[in-house]
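Chemist: Sequence:
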Amino acid sequence: MAAFTPNSLLLLVLTTLLLVSWSCLASTPPLEGLLLNGNFEMAPNSRNLNKTAIIGKQSLPGWEIKGLVEYISGGPQPGGMFFAVAHGIHAVRLGNEASVSASVQVKAGLLYALTFGASRTCAQDEVLRVSVPPQSGDISLQTLYSSNGGDTSAWGFRTTSNVTEVIFHNPGIQKDPACGPLLDAVAIKELFPPKPTTANLVKNPGFEEGPHRLINSSNGVLLPPKQKDLTSPLPGWIIESLKAVKFIDKKHFNVPFGLAAVELSPS
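For the sequence shown, the positions run -26 to -1, 1 to 241 when mature numbering (1 follows the signal peptide of the UniProt record, and there is no 0) is used.
Hints are computed from structural coordinates only; laboratory data are not their basis.
This structure is a prediction, so every number in the text was calculated from the model and none was measured.
Even glycine gets a Cβ: it sits at the ideal position worked out from N, Cα and C.
Accuracy of the hints is not assured; some may be wrong.
Claimed, not checked - With a cut-off of at most 16 Å between alpha-carbon atoms, the simulated EDC-like pairs for lysine to aspartate or glutamate come out as follows:
| id | residue 1 | residue 2 |
| --- | --- | --- |
| 1 | Lys224 | Glu164 |
| 2 | Lys225 | Glu182 |
| 3 | Lys202 | Glu71 |
| 4 | Lys149 | Glu214 |
| 5 | Lys40 | Glu139 |
| 6 | Lys224 | Glu183 |
| 7 | Lys202 | Glu183 |
| 8 | Lys81 | Glu182 |
Unchecked claim - So the derived label-pair ranges between C-beta atoms look like this:
| id | residue 1 | residue 2 | range |
| --- | --- | --- | --- |
| 9 | Gly41 | Leu175 | 46 to 54 Å |
| 10 | Ser20 | Phe56 | 33 to 41 Å |
| 11 | Lys200 | Asn24 | 37 to 45 Å |
| 12 | Phe56 | Gln32 | 29 to 37 Å |
| 13 | Leu84 | Asn24 | 35 to 43 Å |
| 14 | Asn190 | Pro170 | 12 to 20 Å |
| 15 | Glu139 | Asn174 | 34 to 42 Å |
| 16 | Lys225 | Thr117 | 18 to 26 Å |
| 17 | Asn228 | Pro35 | 21 to 29 Å |
| 18 | Asn136 | Gly7 | 17 to 25 Å |
| 19 | Lys217 | Ile147 | 19 to 27 Å |
| 20 | Ser110 | Gly54 | 32 to 40 Å |
Please put together the full structure from these sequences, using the hints given.
Modeler: Printed below as a string of structure tokens:
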């Protein structure tokens, strides 16, 4: 029986480590679900709250804040306002030029989609800027498409590293500083790149691959046009229409084939 030399033993150890690493990478399940404190139900410490305003950029668990960010509960508010929080009890409101950001572990070079619940607080044209540097896009919250006061939208992006930063920002285009978008749920999903088959050259023909659907949302997921999001959250398809396009599921809609479909709004 041949004896191991120091060099051959070192080579064996390195080979074993590489095989274990490749095995772990191959067995890592695709990322899908809420971000850490993605529903904002983990509250800041009461010492870091001035009424509703969060004090300290690290005070919101799982997130970093900049500017005036308020931690609010859904329902009637002082002054006669009503904040619709469709995906839980709590949300954050972004004041002018304010933002919240989170770091997310991903896989470099892959396609992902964010799914988030957001709504406006005033009748003005409020905008929520979504960024995964160097990509960004502005999502208008002026038109409401759901009956419960909170729309769910998706935004696609492709990663360039294994850690990415997700940023939601209020660019402050509204005139009233008391207004500002509400953000009440943020999830992410790793998207599988569809391929054509010999039976059908159309990629993702049944729309089965798409963004994450929040479990407590029944109104579908709004898909932004390519002017707002160059990386479509619906693999294989480009969203051309400036009118509402929704990603819907069989559980809540009449889907004639498969588990998912897209709904094209006439207005």
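Chemist: Which earlier hints can't be squared with this structure?
Modeler: 1, 3, 4, 7, 8, 10, 14 and 17
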